[in-house]
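Q: Protein chains in written order, with the working numbering: chain A, -5 to 347; chain B, -5 to 347; chain C, -5 to 347; chain D, -5 to 347.
Copies of the same chain look alike in the list, so a pair counts if it fits in one copy or across any two.
Straight-line C-alpha distance at most 27 angstroms; calculated DSSO-like pairs for lysine-lysine:
{"hint": "1", "residue 1": "K107", "residue 2": "K77"}
{"hint": "2", "residue 1": "K151", "residue 2": "K306"}
{"hint": "3", "residue 1": "K135", "residue 2": "K238"}
{"hint": "4", "residue 1": "K73", "residue 2": "K88"}
{"hint": "5", "residue 1": "K270", "residue 2": "K88"}
{"hint": "6", "residue 1": "K88", "residue 2": "K322"}
I should point out that these hints are in silico values taken from the structure, not numbers from a laboratory.
Number of protein chains: 4
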Amino acid sequence: MKRHLLSLVFIFLGCSLFAQGRLIHTGEIPGYVTLKCDFHSHTVFSDGEVWPTFRVREAVQDGLDAIALTDHLEYLPHKKYVKGEDNSAFAIAKNYTERRDLILIRGTEITRKMPPGHLNLLFLPDSITFEDTTFLAVIEKAVNEGAFVQWNHPGWKAQQPDGIARMMDIHHELIEKGWLHGIEIFNDGVFYPGVMEWCIDANLAITGNTDIHGTTAEVLSSSSDSHRAMTLVFARERNERELKEALFLGRTLVWYGDTLAGKIEYAAPFVSSCLKRTGAVYEDSSYNYYRIENLSDIPYYLTDGVNPDAPKSIELQPRAYIVVRIRKEGGQTLAYTVSNVKIGTGERLKIEL
Amino acid sequence: MKRHLLSLVFIFLGCSLFAQGRLIHTGEIPGYVTLKCDFHSHTVFSDGEVWPTFRVREAVQDGLDAIALTDHLEYLPHKKYVKGEDNSAFAIAKNYTERRDLILIRGTEITRKMPPGHLNLLFLPDSITFEDTTFLAVIEKAVNEGAFVQWNHPGWKAQQPDGIARMMDIHHELIEKGWLHGIEIFNDGVFYPGVMEWCIDANLAITGNTDIHGTTAEVLSSSSDSHRAMTLVFARERNERELKEALFLGRTLVWYGDTLAGKIEYAAPFVSSCLKRTGAVYEDSSYNYYRIENLSDIPYYLTDGVNPDAPKSIELQPRAYIVVRIRKEGGQTLAYTVSNVKIGTGERLKIEL
Amino acid sequence: MKRHLLSLVFIFLGCSLFAQGRLIHTGEIPGYVTLKCDFHSHTVFSDGEVWPTFRVREAVQDGLDAIALTDHLEYLPHKKYVKGEDNSAFAIAKNYTERRDLILIRGTEITRKMPPGHLNLLFLPDSITFEDTTFLAVIEKAVNEGAFVQWNHPGWKAQQPDGIARMMDIHHELIEKGWLHGIEIFNDGVFYPGVMEWCIDANLAITGNTDIHGTTAEVLSSSSDSHRAMTLVFARERNERELKEALFLGRTLVWYGDTLAGKIEYAAPFVSSCLKRTGAVYEDSSYNYYRIENLSDIPYYLTDGVNPDAPKSIELQPRAYIVVRIRKEGGQTLAYTVSNVKIGTGERLKIEL
Amino acid sequence: MKRHLLSLVFIFLGCSLFAQGRLIHTGEIPGYVTLKCDFHSHTVFSDGEVWPTFRVREAVQDGLDAIALTDHLEYLPHKKYVKGEDNSAFAIAKNYTERRDLILIRGTEITRKMPPGHLNLLFLPDSITFEDTTFLAVIEKAVNEGAFVQWNHPGWKAQQPDGIARMMDIHHELIEKGWLHGIEIFNDGVFYPGVMEWCIDANLAITGNTDIHGTTAEVLSSSSDSHRAMTLVFARERNERELKEALFLGRTLVWYGDTLAGKIEYAAPFVSSCLKRTGAVYEDSSYNYYRIENLSDIPYYLTDGVNPDAPKSIELQPRAYIVVRIRKEGGQTLAYTVSNVKIGTGERLKIEL
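If we strip away everything but chain A, and leave its shape as in the complex, we get (with noise of 0.2 angstroms):
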């Protein structure tokens, strides 16, 4: 019961080529606009297998409104053939970027056996260097130039064989300085629980990212997914002072798939804004028939219904609505327990329509 959101569209103007955006309804949560964003991709400049460029037209196509360039730091395999300093991709990408209206976020991967494992630095400023590479060294240099620290897939099954994520001593010691502001729950593919309960413990942004190095054209044509992943930030203006504040506050939700992930305190709001019931458009001698709208372009998965006089569970598709009857002796009241979204392990939220 999947619906494809409409595939990416390429036009001509005059002699330039300029990506068409895709405009993806999400929710909102009042008092902010929603930045849909990916903080984890690679080009050809590390392990990746696209040019820099490409990776911006493919975001505004996928109806991002940012994108992070994170190649790996240390992890260079094309270096006999590509030869950048740390800041060449961000390099050939800004311009172009700006251009298309995307955000660009320069970053890079720093690439450690686990413990510590794979970390992202955001929000890198262009000059940055790191001449002592020593892990610790690398991140207090970046966090003191104002970086966002992401830990990248903790359970990722190369460094840890169950898929398990644990946190370590060092990721401890990092959360204790300061110097850890996120987790990715999602990565490619994988869902890693546990992470939720971190970010909330810690006050860490919750993220969900593609760490895409092929095409993600390619990644969703062997899933059923209608969209790449991404990370949802709740930011009071759209720009990349906004975003990066946003960010450090934890104001994110991750989508992936047909799910939701995240704090609750932003997952019920962002729900509540897709959802809309209408008063009676009808009534029989039994029932009173209300509409429910989703306007978004998410599906929710609405279950254990505690009304027994409506109906135990409701599926709405994205862009859909659907008239459900409660009978007319009962209570009125549509509570629900939203199966596809997740606020703790094991944890969904739940609403009242």
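Using the hints provided, position chains B, C and D relative to the given structure of chain A.
A: Same frame as chain A, now just chains B, C and D:
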């Protein structure tokens, strides 16, 4: 470069089968809601191939707000097997429809040789029957009961071998008597030039309908269209009374394939509500860059740009945006012909973004 | 990872509307042609929602070779409006069908409480009528006229609230008399475990059908399936006589969603005809590389590979190939369980490529 | 009325990512296998946007049998960052390709102003380098090493502002010397009339290629095409040696969008192998009915039927059939122009079914 609207979706809720309706985003005219309507359809009660309930469910899935069942009054090829009264199809579908929040209009199609050809009587009361079946007697009775009279497919090849719509004496007579209220400019894949001018001159409603006999899914599968043809009616509220009033006042546009057709006074504000130009999002030494968003499910093809320092043409896909650039030294206006919005024979809407 | 078969296509040829039929590539069993059949469908003549001609056109577009119209014998909710004789739906559709090269089977559905439940009588002669409508009298008369008797949806929840198919005395009696020839293992989205064993034991045909009342397009739009459920019959030639003989001999498989179900003697050669392994196409110092092709429109999911030097599992999409590698020092066999081919309750086909 | 080929699919097998290749059914010419080829593509080693391995995986998913990497010899805009030798892209991709059963052709694009414009050298040996870079010296050296020389996009607007392909003295000279072996009749969305006649006169191969710099997925998403443009080569076996021989002998057709183009001696048997007419499947008093099958993934549009008692035109969708009728008293031939098969400027293939 087509984009397909999402496919229809069904779900079971308890023991009832409710259709999930598509929320199509078209434009809006301030002060009105846009009702998506089809004023011409058939069931097994004349020469259609579906039961009235299917026609209703199909309309919900296709995203309509209102549908008229307009079985032929005189042409009843199934009568050996199907014996209804004039009101049967409507009676069967009425309750079924109300439980789905669709507006169901009772109608019938007067089916005569040309002239006068075929005409739909819409908004018939439940009780009406036609004993005197001479053409004018039928029309008069219906009009006296408040019916809206629509002239169908005025250049239908079965009745006009050259396919050219022509007003004949009887049609002029109907207009003079106030007994004709709308004309189909589009019916079942065919657009009829000339109808626009007649409707503007005589202050009639321009309509476009499917005249569906089989299923709309079958028709769409044989074309590259993403939606069924429909009449967009601009009503003060979403109910049958306001729909009827708006139709009598001619507040309509027709959407078929990638094309909109209708009077400029509705086309202009409607299209303006779909397209949004931001302030400059970027500038370099030579250019300012502007973001243009198409918020609707209708594509817009902008051609013949009058600013020599801006793109000559822009193609805006449904729910997509594009960034265009204008030379700084030139004027910053963006004025275009909208090549897929017809406001007269050979005339296209002009807009300034 | 679904792939959708191509959508239906229509075209006008002169003044006639001919449906364009889809050519579905399934597998083949040497000596037979594979006929794609649906032995259970309804029209407005009982409780269906479409006219018989639509049912035929739909079958052609869905790629079928044969369809049975099986309106209920006793359940006629439309009878206030639709008055046919038992043969009317068939009579209306017969010529229409022949001009489209489809095989049309006259049938009816005996519609009783459980036991015995619902049974289809297939291949009824045009002239048959049932005056004595006691259950066994109807069956006997039909059998005497050569009918194939199919027990429908044996665990239908409306008649078996726990959804479990159970043989009752009357079904055993039918089998003993030779008056039951097939059982639906799949009907309208539901698979009935247990049926496989009964059919193997009693030498009955295993069938799977849509029981379609609305349209198959509507059903498919609410699922991720790319094709309607069907019974594959292995006949010596493509005509009604051979189809009937093959059905009586139980030469069938059932294809629904991504799954095949049926007797191993048909499943094994059928699947083998779909999958082709070439000789090694490449080798390096450690591995031989083999190309595996899936020539059919059915996906195959190979799991539990027994060769430790070859892939544990392989997913073969419809009309696609993959290259797999086997360590040179290991055996070069590729033996798998085909997890989407059911040959018994809990049993899956095993193949060696 | 487009039908889309199936989307690309990926799967993981153990720890290796293998691309799943699409099996496209085109036609065949007796005695040959049809190899689906693209003889023009770029990587980051010149001005392309992807790494050589991606280009290979993409070709497999697109259903190709062979691909040439043809980075510019002289135009190296990435050279600040990417420093390969002439052979680097090929060397990187070679093993990766062989493990996927694709034929990888080493090539380069000589990139000069017009005349001579751009020419691809194909089937270069690994070791070749070009020290003397004057145009004719490069061509001569390559030809002496066995290269196939293809003139690319002969009417490219960047070099021929009117878009018209013109042979100039240098091209005549190349032909006289035997140093030109093929010309692109189609490149990156553009068809070049006139090329067909030159190739027929001089006995050159007609080719059609993508000249892809970004990704084919991106290009296809901006069109209604279901497949990438390709050259179909009729080789005695599926290997590089036979492919090369067939190309030198000019045994090719070009497939782009819905169109085939090439020499009649290949087009005629190829199209015949796709279309199958059966004997009469039905007859009534007036008509015989024949089934026409299109076994291929290419649509065929038959027009200008010469039999007045048969349909004037027939549209055969990919892998579909249709039933056509012919009046009994008329001749039973079905002879048409195939409007989407170009065999000369303004000439279309004629066939008799």
